[in-house]
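So the sequence lines, in the order shown, correspond to chains A and B.
Quick note: the first sequence, position 127, residue 127 per the working numbering, numbers continuous.
Quick note: the second sequence, position 21, residue 184 per the working numbering, numbers continuous.
In case anyone wonders, no lab produced these hints; they're calculated from the structure.
One or more of the hints may lead you astray.
[Stated by the list, open to error] Restraint ranges, calculated between C-beta atoms of paired labels, are given here: (1) K122/A - N323/B: 23 to 29 Å; (2) L343/B - L87/A: 20 to 26 Å; (3) A232/B - E29/A: 34 to 40 Å; (4) G179/B - A42/A: 50 to 56 Å; (5) R84/A - A225/B: 17 to 23 Å.
[Said to hold, decoys possible] Partial chain A-side listing against chain B, Cβ under 7 Å, derived: (6) L14; (7) D16; (8) L19; (9) C34; (10) L41; (11) S43; (12) A49; (13) Q50; (14) S76.
[What the hints assert, rightly or not] Listed below are the simulated DSS-like cross-link pairs for lysine-lysine, each with C-alpha atoms no more than 25 Å apart in a straight line: (15) K71/A - K339/B; (16) K285/B - K339/B; (17) K285/B - K253/B; (18) K82/A - K250/B.
Even for Gly, the Cβ is constructed at its ideal location relative to N, Cα and C.
This is what each chain is made of:
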Amino acid sequence: MKCQQIQDRLLTDLADAELSVTDKLVVDEHLAGCSVCRAFLASVQEVDAQIAAVDGSGMPPERVWENIRYKIEHPSHSFREKARNWLDGLWLNFRPAFASTGMVFAALLGVIVLASPVLVQKERALAKADHEMLLQLAYVGDEGISLSGTDRIGEGTFVEDLL
Amino acid sequence: MGPDIDDEMIGRAREGDMAAFEAIYRYYAGMVYRVALKMVMRSQDAEEVVQLVFLAVHRGLAGFGGDAALRTWIYRITINCSLNVLKKRKTFREVAWEEGFDPEDPRQDARAAVENEALQSKATALLAELNPDQKACLLLRAQEGLSYDEIARTLNININTVRTRIKRAREVLLRKKGLL
């Protein structure tokens with residue numbers, strides 16, 4: 001393994017004891033012969049030690065429990081509080097469902113946005129075709145009037161036959 | 164920490180036994196407070212998180228089937244509540260306090276001063292460099308000793324996402340210390 005690959009492992013799996021026995025042997029072997037990676041490991045350990053040194057502040061103040069007990073024993077009857085609790089519960093229990101529904105809506109929206117230019121184009125093409133057909137009809141109508149005295153268009157000739 | 168929490172105690176708390184619920188609180192409150200404090204970085208917000216977490220636990224115990232360990236479930240609620248408080252803090256400057264909190268209590272100032280000193284430590288400054296997702300993963304690993312698999316189950320994310328967030332978090336910290 002190259003130093004970059006080893007250092008990726010040092011940042012995660014080795015530091016967190018998630019490395020397999022075989023991989024650990026490979027990493028240890030590399031470390032034995034590479035001072036750069038040894039220095040890198042020391043830096044990772046230094047940072048970890050600093051984070052671990054921030055110990056908890058023990059228990060929260062007693063009033064926190066008193067507030068919790070009070071709220072449990074005297075549940076609020078206000079609509080706002082009830083609605084908030086209900087929404088919290090809904091969110092906690094159905095978060096994956098909300099996420100998948102959101103994704104479906106996003107996909108639908110994407111399809112609509114992507115498809116709309118195509119639909120608009122089609123509509124324009126149809127409108128253009130209609131317009132051209134109307135122009136042709138008008139032209140044939142004019143011709144029909146001007147040629148009505150000749151034999152070129154006899155009585156009972158339908159316009160569609162001329163198109 | 165009080166006595167160990169077994170299924171019987173969870174069952175009694177579920178049925179409304181306040182003494183059993185208090186035992187659960189006494190057992191886990193320190194852990195919740197520790198994680199919350201490091202997530203939200205302010206003792207007042209951390210106390211709010213503790214309240215939100217245990218009120219949610221009390222409401223959710225009825226539906227808690229034991230498919231996940233109680234500890235994992237509480238970690239998950241703690242992280243979610245901390246993230247919500249962080250979001251709220253961005254939206255509102257003032258934090259609404261529950262009944263019973265007296266901001267005029269002089270003990271608040273003394274304790275806040277001590278905690279403030281602790282919060283100014285190098286490690287806290289380092290943690291402040293991380294985004295909430297990275298911080299949650301690194302804290303659950305480095306502080307709470309959860310495995311990648313446990314973190315993934317706690318946060319409902321992929322194990323590779325856990326690995327990536329922890330790696331990014333350590334890179335940020337190393338860079339901040341000038342070691343990378």
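Verification of the supplied hints:
Checked against the hint of 23 to 29 Å, the C-beta distance between K122/A and N323/B comes to roughly 44 Å, which is inconsistent with it. Between L343/B and L87/A, the C-beta spacing of about 43 Å breaks the proposed range 20 to 26 Å. Between A232/B and E29/A the beta carbon distance is about 37 Å. The supplied range of 34 to 40 Å therefore holds. Under the hint 50 to 56 Å, the C-beta atoms of G179/B and A42/A, about 54 Å apart, fit the expected range.
In this structure, R84/A and A225/B meet the distance hint of 17 to 23 Å, their C-beta atoms being roughly 18 Å apart. With its C-beta approaching chain B no nearer than about 11 Å, L14/A sits outside the 7 Å limit, and its interface hint is violated. Using the Cβ-Cβ criterion of 7 Å, the hint placing D16/A at the interface with chain B is satisfied: the shortest such distance is roughly 6 Å. Hint status for L19/A relative to chain B: violated, with the closest Cβ pair at about 11 Å, above 7 Å.
For C34/A, the interface hint is violated, the least distance from its beta-carbon to any beta-carbon of chain B being 16 Å, above 7 Å. Contact between L41/A and chain B, as hinted, is not supported at the beta carbon level, the nearest pair being about 11 Å apart and thus beyond 7 Å. Hint status for S43/A relative to chain B: holds, with the closest Cβ pair at about 4 Å, below 7 Å. Using the Cβ-Cβ criterion of 7 Å, the hint placing A49/A at the interface with chain B is not satisfied: the shortest such distance is roughly 9 Å.
The interface hint given for Q50/A is met, as the beta carbon of that residue sits about 5 Å from the closest beta carbon of chain B, less than 7 Å. Checking S76/A against chain B by beta carbon gives a least distance of about 10 Å; that is not within 7 Å, so the hint is violated. For a cut-off of 25 Å, the pair hint linking K71/A to K339/B is broken: about 43 Å separates their Cα positions. Restraint check: the Cα-Cα separation between K285/B and K339/B comes to about 11 Å, which is no more than 25 Å; the hinted pair holds.
With a CA separation close to 24 Å, the supplied pair K285/B and K253/B stays within the 25 Å bound. Distance check on the hinted pair: K82/A and K250/B sit about 21 Å apart at the alpha-carbon level, within 25 Å; holds.
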